[in-house]
Each structure stands twice: as C-alpha cells, then as structure tokens.
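K.L.:
Here are the chains, one letter per residue:
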Amino acid sequence: MTDHLLEVRDLHVDIPLGHSTLHAVRGIDFHVDRGELVCLVGESGCGKSLTSLALMGLLPSRARRRAAALRFAGAELTTLPERRMADLRGNRMAMIFQEPMTSLNPAYTIGNQLTEALSRHRKVTAAQARDRAVHLLERVGITAAASRLGQYPHQLSGGLRQRVMIAMALMCGPELIIADEPTTALDVTIQAQILHLLRELQQEFGMAVVLITHDLGVVARVADRVAVMYAGEIVETGPVASLFAAPSHPYTRGLLACIPVPGRTRPGEMLGSIPGIVPSLTGRLEGCAFRNRCGEARDACAGPVPWRQGLAGQAVRCVGAA
Amino acid sequence: MLRFALRRLGVAIAVAFTVSLACFLLLHLSGDLATSIAGPEATAAQIEAVRKQYGLDRPLVTQFADWLWHAVQLDFGRSYYFQDRVIDLIASRLPVTMILGGLALAFALIVAIPLGVIAAIKRDSWIDRLALVIAVLGQAMPSFWFGLTLIIVFSVQLRWLPASGADSWQGFILPVVALGYYATPAIMRLTRTGMLDVLGSDYIRTARAKGLRTGTIMFKHALRNAIIPVIALAAVQLGFMLGGSLVIEAVFSLHGLGYLAWEAIARNDYPVMQAIVLILASIYILLTLGADLLNAAIDPRIRVR
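Read top to bottom, the protein sequences are chains A and B. First residue of the first sequence? That's 1 in our numbering, and the numbers climb one at a time after it. First residue of the second sequence? That's 1 in our numbering, and the numbers climb one at a time after it.
Among the hints, a few may not be true.
[To be verified] Not everything, but these chain B residues come out facing chain A in the computed CB check (under 10 Å):
(1) 202
(2) 216
(3) 239
[What the hints assert, rightly or not] Covered stretches of chain B (chain A as the covering partner; in silico rule of three or more C-beta atoms under 8 Å from a C-beta of chain A):
(4) 141-150
(5) 221-230
(6) 252-258
Since the hints were made in silico from the structure, they are not lab data. Glycine included, C-beta positions come from ideal geometry on N, C-alpha and C.
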C-alpha cells in the first residue's frame, strides 16, 4: 500500500456515441503526492480534461468511468457513493475550471458563492465564512476584498473572476486542487500572474495540484512532475527537469520543438510542428497511437508497447526508446 | 434600480396613451357613432340630436382630449346602455375577473413549474413523456370545450361543484382550472427548456464541484436562472387570461370584465368599450412592468441595461 495522496490505476473514460463508443481516456496510471504539482500535458482532445472531471466525479452523465483503482487520501473513489463523493468535493479536493467568465452563477454575489462552499462542509457562522472569504480574496490578490463580496460576477474582469474561482477552491483548505487549463481563457499578461499565484499558494498551503494544460511553457515554469498525454494515454512521465532535458518519446520531443525558447530560437526561424492527425478514438487502438505521425516508427510499434523506466524517475512508452 | 423602474414606467405610460388613441380612432373609423347609437329607425333629426347630446359633433381632437382629460381622473363618463357611471360598472366587474385570472395563473404556475423542473431533471423518463402529453392536450383543447367537459363531469355527474355563478368560492374552482390549464403547457415547456439549458452550464458544474447538495443545486443555482424567461411569459399569459376570460366567463356565467366587454360590444356602448380597452391595456402593461422589475431583482445583469 502506497501513501500517495492520489493514485490512479488503469483509468478509462468511454463516451457512447450511438453505434460506436469513443474511448477518450484509455487506461492511464499516475499518482500525486502531498504538496506536489503535477502537470498533465497534451493537445486538445487527448483526454486530459475528461481525466480531471473523472477524478472529481463530475463527468457528463453519458460518459462512463472505470478504473482499477482511484484512491484519494486512502478512500477508494470508484466505489464511493455519490453522497460521500459530494462530501469530498469542494472540501478535500477542489477544482478550478477553464472558463472563468461562465463558471460563476450570474444571479448571486461573489460573497454568497464563496461562503456557501465553506458552510456546505464546515459548521461555521455567517460571519466566520465571510471573514474567511475576505481573507482568501485578499490572499489571491483582490483589492478592496470586503466590498467585492457584494458584487456580481458580471462586474468583474476575467482575471478577477479566475482569482475568485481560486479563492473559492481554497475555502475549505483542500489537500488537492485540480486546475483544468486555468489560464487558457485569460490575457497573456494575466496568465503569468495567475500561474505564479497558483504555484505560490500550492507551496504556502502545502497542497497537491494537478494542473491540466496544453502549454509546455506553463509546465516548465511550475511543475514538479509531468505526464504527457496522447490520444487518451500517458506516453511519458517524469520529473520536469529531466523530462525537458532528455525527452525520450518522439511525441514529447515533437512538442518541445514546437515552443520557442528565448535566447535559443533565432528570429525568423521556423518553429517545429508535428505532421499528421490524431487517430480516431472510436475503435480499438493496437500498439502505439502515435506511430502514424512518428518519424521513427518501425514494425514493432504495431505490437504491445511496454513501459520503460529511465533514469531519475522518468518512464516512457515507446518501442524505440533506449 | 430606481432609475430603471422610472424609465420603464415612462415607457408604460406612453404605451397606454398610444393604445387609447388607437382604440378611439378605430371606434370612430368603424362608422358614424351617432347613427349606430340612435338605432336603425331613427330620423335624421334624431341622429343629429344624439350627435349633439353625446358631443360627437365636436372635432375628433377635442373629443379625444376631453375623454383623456377625464380618463386620467378615472372618469369614463356614463354607459349608454346601463346608464350607470362606467367606472362603477368596471369596479363591480373587475374583481371577478382579477380573482379568476390571478387564481388561474397561480394554478398554472403551481402545476407547470414543478412539472417542468422534474421533466428536465428526469429527461426522457416516463414523467417527462407524461408532461409532454399534458402539454399537447392543453394546447389542443379549446378552453370552452374543456370548461364544458369539467361542468359535465364535476357538476352534472359527480355533483361536487357548482356549474355556474360566483356566489361561493367553490364556484371559482372549475373556471380557474379551465382557464389555468390553458396557460400550463407554455409555462411548463419553457421551464423545462430553461432548466435543461441551465443544468448544462458551467456554473452548475462549479456548484457540483463545491459538493453542494442536489436540492441546493436545483433550486438555488438552477431554478433561479431558468425562471427568468418564465416570469415574462407568465405575465403575458396572465394578460391573455384576463382578456380571454370572456369565453370562460360566458361558459360559467361569471359576471366579470370579459362578460361586460361582450355586453358593451353587442349594444354599441362606446364609453364602456373604450374604458375596458384602456383598463385591460393598463393591466397588461403593469403586468409586463412588474415582470421586468421582478426579473431585474432576480438577475443583476438586467439592472444595468
């Protein structure tokens, strides 16, 4: 028995589509330790958002989740009744979403929406909940926090709303925060601020964070460990420094070639791109899902692809990896 | 909020004025009023006498200004037929119609909103189908036919409720159901659509992510947003019910405003007709104004528009 805060083994998410089934997440394993920031990175449609919703038990009703194990702080989530799951949500595990503009209820004040998160899970007076909300709004960098409580979401900018969402996730002092592309919908200047804030809060409160992103620049700046997802599978995982220094999977290498590096990428130089398209996820996929786009593909890629352990905790699923 | 209310009130007064003017002009365009009041056998001299007596010989502008001046003081003149003051006639008839319309709306809301919410939550279940059947039946049945059916079943055969009259509260039950059922389908379908829309929204996902209980999510977070279009619709439906209660009032022999309108039209009682149009228009305008204000109270985003 391990003492990981979150342990995911063989997680699948299937979405029935009339005659066929979309296998959006196809058997992923990863874990998150207390106080650790893990990035799930991959392009659109690779299943990273569905993975985050599956962890929270927030999948759309038609999606099917199954897993060999989904353990959070000693509790097995796959067999937990919905009522007990709701007791965990917003309490010991909280979530921050991609769309701050639409994620707050337009009909209620910020204060109302912040305090209800706390009063749902803790026995607190209205004044205590209010104090906690003011304190956290200040902590996430919102000025005049007390007067913001009476404001409605439409009176705030996107960046401010995302700060409110972060404060809301922190209300009960969760052990795990899942942030699904929290900066994607924001202006570039705000993105860096929010990211910095998340990292700071994570270290200050000793929380574990799962950060979902498609932006390797984000990963490099904040992550402790990275899991690279492709077509519903994790293809490479490891500590951020060693993975960036020595990417083993051709897909990871391709992704890294796509981002400009200040000082190394010369002006006017072409950035890399990965040719081809992601395979259809409706049928069964045999072998390596990336092989039709891979420059190093060989016959063995059509067969089963085992995990190979590398140095310093790195692991990769590639036939060609040394 | 006060500025919003005042601006809406200004618009409401302008609409009431326009409706009165349109009604006045339409009445005068419908033919020579003096001729129709005097009756088919009147001589030319008698028609002229009527014209003078009722002030119909004056220029139209003067007539309208005179009517308007008195109307804003709630003086609508005397009925040609009943000889009573129009305001007294309306005051004696309006309560019946208001009670009927108000109760019918309450009935419609009490049935339609829970049914719409359940249909949305249990989408495609048997209860959703049943709600659809109720809606289709409600829209397909003419209200006079449904009213007569109710009378046959509950008054004639079961003898539970009176078939006509407003002497006791029991007399209101059947007309309220008949009139209210007419408004139920639209309100129910709109509640269902609104709830389905809202339940798929990001802020409901946020509410679930906070671990809130299903009841809190449905009634605090979802229904409050889904109900906004329903309020506007309910106001319009109540307006329709007040205006259209004529049929139900006739079926159940309730002497309300709708019945009075029918009597006035049949007897060329112009002052009564004109007053009823203004009163109904004003009620309609007040209802939509009330709905706007209620919506502004529910949805903070409306207040700034």
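K.L.:
Under 8 Å between beta-carbons, do enough residues of the segment 141-150 of chain B, three at least, approach chain A for the coverage claim to hold?
P.N.:
With 0 residues in contact (Cβ-Cβ under 8 Å with chain A), the coverage given for the segment 141-150 of chain B is violated.
K.L.:
Can the segment 252-258 of chain B be counted as covered by chain A under the rule of three residues or more with Cβ-Cβ separation shorter than 8 Å?
P.N.:
violated (count 0)
K.L.:
Report holds or violated for the interface hint on residue 216 of chain B, using the least CB-CB distance to chain A and a cut-off of 10 Å.
P.N.:
At about 8 Å, which falls below the 10 Å cut-off, the nearest Cβ of chain A leaves the hint on residue 216 of chain B intact, so it holds.
K.L.:
Would the stated hint for residue 202 of chain B survive a check requiring a Cβ distance to chain A of less than 10 Å?
P.N.:
The hint holds - residue 202 of chain B has a Cβ within 10 Å of chain A, the shortest such distance being about 4 Å.
K.L.:
Using the nearest Cβ pair, does residue 239 of chain B come within less than 10 Å of chain A?
P.N.:
26 Å, violated
K.L.:
For the segment 221-230 of chain B, do three or more residues have a beta carbon lying closer than 8 Å to a beta carbon of chain A?
P.N.:
Three-residue rule met by the segment 221-230 of chain B, so holds; n is 3.
In the structure shown, a violation is registered for the earlier hints numbered 3, 4, 6, in ascending order.
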